[in-house]
Amino acid sequence: MPDDTPLLSLEGITKDFYGTTVLRDVTFALKRGEILGLVGENGAGKTTLMRILFGMPVIAETGGFGGTVRIDGQPVSFRNPFDALDAGIGMVHQEFSLIPGFTTTENIMLNREPSRRNVAVDLFGPRMATLDRPAMTTRATKAIERLGVELDPDMLVSEMPVGHKQFTEIAREIDRENVKLLVLDEPTAVLAESEAEILLDSLRRLAAQGISIIFISHRLHEITAVADRVVVLRDGQLVKDTSAKGVEVREIAAWMVGREVDANARVRSDRKYGGPALEVERLWVDMPGETVRDVSFSVREGEIFGIGGLAGQGKLGIPNGIMGLFAAGGTVRLHGKHVELDAPRAALDAGMAFVSEDRRGVGLLLDESLDWNIAFTAMQVKGSYLKRWLGGLFSLRDEKAMRALAEQYIEQLEIKCTGHRQKAKELSGGNQQKICLAKAFALEPNLLFVSEPTRGIDVGAKKLVLDKLRHYNRDEGTTIVMVSSELEELRAICDRVAIVDEGRIAGILPPDAPLADFGLLMAGERAAEASA
Amino acid sequence: MKTPFKLPSAARVRRFAADNVVVLIFLSVTAIAVPSSNLSASYIIQDLLTRYGRNAFLVFSLLLPIMAGMGINFGMVLGAMAGEIGLIFAVDQGIAGVQGLLYAVLVGAPIAVLLGWIAGQVLNRARGREMVTGYILGFFMDGVYQFVVLYLMGAIIPITSKAITLSRGYGIRNTLGLDSVRQSLDKLLKLELGPFDLPMATYLVIALLALFIVWFRRTKLGQDMRAIGQDQTVSHSAGIPVERTRILAIVISTLLAMVGQIIFLQNMGNMATYNAHRQTGFFAAAAILVGGASVAKATIPNVLVGVGLLHLMYIVVPPAGARLFGSAQIGEYFRDAMSYAVIALALALHAWRKRANAESARAGLRGAASGAVQPAKTEGGAE
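Here the protein sequences line up with chains A and B, keeping their order.
All letters in the first sequence, in the order written, are residues 69 to 600 by my numbering.
All letters in the second sequence, in the order written, are residues 12 to 394 by my numbering.
Everything labelled a hint here was simulated from the structure, so no lab data went into it.
Check before you lean on any hint, since a few could be wrong.
What the hints assert, rightly or not - Estimated spans, in silico, between C-beta atoms of each pair:
1) B:Trp363 - A:Glu245: 41 to 51 Å
2) B:Phe207 - A:Ser226: 55 to 65 Å
3) B:Phe27 - A:Ser226: 24 to 34 Å
4) A:Ala469 - B:Phe150: 18 to 28 Å
5) B:Ile311 - A:Arg413: 49 to 59 Å
6) A:Gln305 - B:Arg23: 37 to 47 Å
7) B:Phe150 - A:Arg456: 32 to 42 Å
8) A:Thr209 - B:Arg26: 47 to 57 Å
9) B:Ser39 - A:Glu218: 25 to 35 Å
Even for Gly, the Cβ is constructed at its ideal location relative to N, Cα and C.
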């Protein structure tokens, strides 16, 4: 076969979900034995692109995609991931898909076990064949050797160090005889530095054996170290497709986060802050998918402190942990006073409020009316909007006060609704978000956490929410900690922005720092110069 | 940072106790009751030997669903019902001896497969709540069984023997005498060993079943069941037909329960037509849990130890109650309460252990706990 037909070529891939374009005209090709580094922020379209490649049913269910996928020059369309596997594409996922109580061998050979026929096969079908254990071990060992690593074929996955799990997973993919293309989605995210090195070596070995590799990683130095070519996606478009030779991490970071336009980042020399409002030391939070490992920072009185970073790195865990919604440890002090963790009530009593990213789950009582929603937490925590009877023996809701409160916020935040008795679930996402804000404001907090305040709401509502936050900060002097995936919006309203990477704070930057610096921090490069 | 977590020895002892607390409690109660019962050793041993033959097969039927991650198959009573229907026909046809039992198995098998398939379908729709769903399904099917046996048999389903029909002309009598097949399997190969009678044929059947299970674990289907028992998502993404495999586990379990119930009843010699299956699931579950199994893991030794321990208690506690409290009934209440307590404790322990495991797995993620020191460069303020 002539070597110049690319193994894989993507031509004009376009995809939209319910009118939102997530991929626009993405075109690139991959040669045999080539390692392609695929880079992009969250929402840049990497995941969607890989889903298209693998024929994930979700793509067809949402209306298919535009463009052509070719393998060895032939157009293909996979109806499900198994078709893709048959065509020789292997995927190594971010989360381990291993059976914990199985050995390395059993996992590598999972559902492809060599077996021996017996009488029962003729009677009841092929699944009654007994497993050929020695053959399984031989094949697994061979796959491990191809990787060039040391793995015990008889070790249980549950007892393995995390690096071995990752190698087991890769070995499983390359055991397939026809494997031509391997996609690795953040394979090093869970690995220590030295383990990641070994992994990169293995990738080079596999590439030398003629296997093409798509390597997705947010650790850009790994991309430059191992990839032959770099493809950068931003907002669903391919912004760069270049040979990796001579490319610097800093350049990739800049391509990834965007152009150097600093229209939003105003210089705020006139801002004045008080002493420390919130001090966090060695915080860990056990939030699934957003684990915080070791975070320390301090927020000054009157400041808007931004926390950014890629999804899954732990930025969401910080407010959720401090507010007691997930198991957490470490020290948190508010105005010098110790705040008890693992106790939402204690956090609220201390004067902190939280607008959760999980609007529908944590933020709202969906089946209740707006006035209830707005007054609810204040009622619970501060006993506001309650009328006391018989010297406080029992108390009833003060409907009138609640109504006044609701109407005040409906007007202030321009909430579009039919009235304060409307049910929260009937509002649009943007208006629901405003209700969440109103609920937090009604607590009159001295420190407000807002988490992903503009996620899933339209542009107009976005601006209003950000303006309200800024005003609330300026007029009421409330200190705000804002967590967001949107770097631009953090840079627009925050006084300082911390970037979280792998459960730790990679650095804290002023909002007008060059975009590439933010990109570097997200890429796990603890830039030494990153200080305000 | 990623060194494996080592248990200190005190913790290890605690862990062992926690893992085996059900067995330990049971052992201590029985140890107190054995001397108080005043029963002779040979009596206890003979009774145990008989009860092994009677019950072990039923308990074995629980193994596969546990392996497939579906917990204790309380829906096995469906199989028991199928076995009873088979026996009704065997008695009605007047087929005696081991042939009668085989006939009952042949009649019961399609019914068990059908019921098992239905149960499997239902349980697939009740993921994560298989045990309680299976339990309630048993109650529901009990109603269907009553309808079939009490109204349809003799009316629509032909029953020839007047002796087993209610006097009104249709429906089966409350108690079905199994004289034609009574202990036919037990007596097929009787071995007299000193003072003891050993029903070798029954033991042989049980041994064959144990061998079947050992072999089954090594088949592709067995491997698939183990895989889905640990992680359904991973198994599914590896291409294992998860739902079908789960249904197969339940079908096999129901079939085995059907055979188990027939073996049980041939030993008893008569059958409470409408009650015999009611407690089958409960006894089998108690036995396997007493043997040290959990709802997530069970082995053949668990079955053997469990049947022995549970029935030892069942033998000794009523006479012990009679001697200590002057009433055998107290002992009977007590042994039932103990058995239920064992099930409740095992379920609670399983939930607790699952949480504890998740907790210790997460502990590894905690930066502060792992001793990693973060360079102090978080303060970027311009004060």
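Legend entry - Numbers of the earlier hints that this structure fails to satisfy, in rising order: 2, 3, 4, 6, 7, 8, 9
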